[in-house]
Amino acid sequence: GAVVSQHPSWVICKSGTSVKIECRSLDFQATTMFWYRQFPKQSLMLMATSNEGSKATYEQGVEKDKFLINHASLTLSTLTVTSAHPEDSSFYICSARVTSGRASTIAGFADTQYFGPGTRLTVL
Amino acid sequence: AQSVTQLGSHVSVSEGALVLLRCNYSSSVPPYLFWYVQYPNQGLQLLLKYTSAATLVKGINGFEAEFKKSETSFHLTKPSAHMSDAAEYFCAVSVDGTSYGKLTFGQGTILTVHP
Numbered sequence: 001g002a003v004v005s006q007h008p009s010w011v012i013c014k015s016g017t018s019v020k021i022e023c024r025s026l027d028f029q030a031t032t033m034f035w036y037r038q039f040p041k042q043s044l045m046l047m048a049t050s051n052e053g054s055k056a057t058y059e060q061g062v063e064k065d066k067f068l069i070n071h072a073s074l075t076l077s078t079l080t081v082t083s084a085h086p087e088d089s090s091f092y093i094c095s096a097r098v099t100s101g102r103a104s105t106i107a108g109f110a111d112t113q114y115f116g117p118g119t120r121l122t123v124l
Numbered sequence: 125a126q127s128v129t130q131l132g133s134h135v136s137v138s139e140g141a142l143v144l145l146r147c148n149y150s151s152s153v154p155p156y157l158f159w160y161v162q163y164p165n166q167g168l169q170l171l172l173k174y175t176s177a178a179t180l181v182k183g184i185n186g187f188e189a190e191f192k193k194s195e196t197s198f199h200l201t202k203p204s205a206h207m208s209d210a211a212e213y214f215c216a217v218s219v220d221g222t223s224y225g226k227l228t229f230g231q232g233t234i235l236t237v238h239p
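Protein chains in written order, with the working numbering: chain A, 1 to 124; chain B, 125 to 239.
If you are wondering where the hints come from, they were derived from the structure by calculation, not from laboratory data.
A portion of the hints provided could be inaccurate.
[Said to hold, decoys possible] Derived DEER-like restraints, expressed as beta-carbon distance ranges: (1) A/E63 x B/P239: 38 to 48 Å; (2) B/T129 x A/F39: 15 to 25 Å; (3) B/A125 x A/T31: 23 to 33 Å.
Every residue, glycine too, gets a C-beta built ideally from N, C-alpha and C.
Using the sequences plus the hints, can you model the full thing?
Encoded structure:
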């Protein structure tokens, strides 16, 4: 239980195009998901908190108009990188908090954050 | 503000040797602390978490960590390294005082295991 998937796992796009990344909780519901980015050989930096049914909360310095987040259901959050440029090339990782569903009944899973496998974005 | 510092960006051990990865934290509230492992081109896997229930926390794959408030430390250990332990390890602290909220990560420690 408590599996988070991301799609696509890697994507290459041209500068100026938009790219959508999906984050899904497979066997649980998540009212809150988080989006992180990780540059090569660096740590993860929180970009934003995605809340189901409401606007995302962005960390300081993250452009909300460039990184559009939509959390339309309890199992899906999307991150759209608009007008992507080479400096947006990074590893994007989402995480989801187990709030309900089968996984929430398993000891140790509830109220824990689980990470997706990441999406490698390369902008040419 | 909450933060963590991982001492040593690279640690190298022989197979079968003790693994010790260091993490010190700073927190204005009782902290929730985590250790994650990341294999190349993959996401993060939770190894263990400290939520104030017990100072010695046992995790998966034989890892454990001890919370020491007096030293503001949460070092990760494993008695005997295995080749499959080679990966990057991240220490993290909860920013908002919950066990499931926003996290601040350390810079990571790359563990190399020699045969």
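Index of numbered hints that the structure contradicts, given in increasing order:
none
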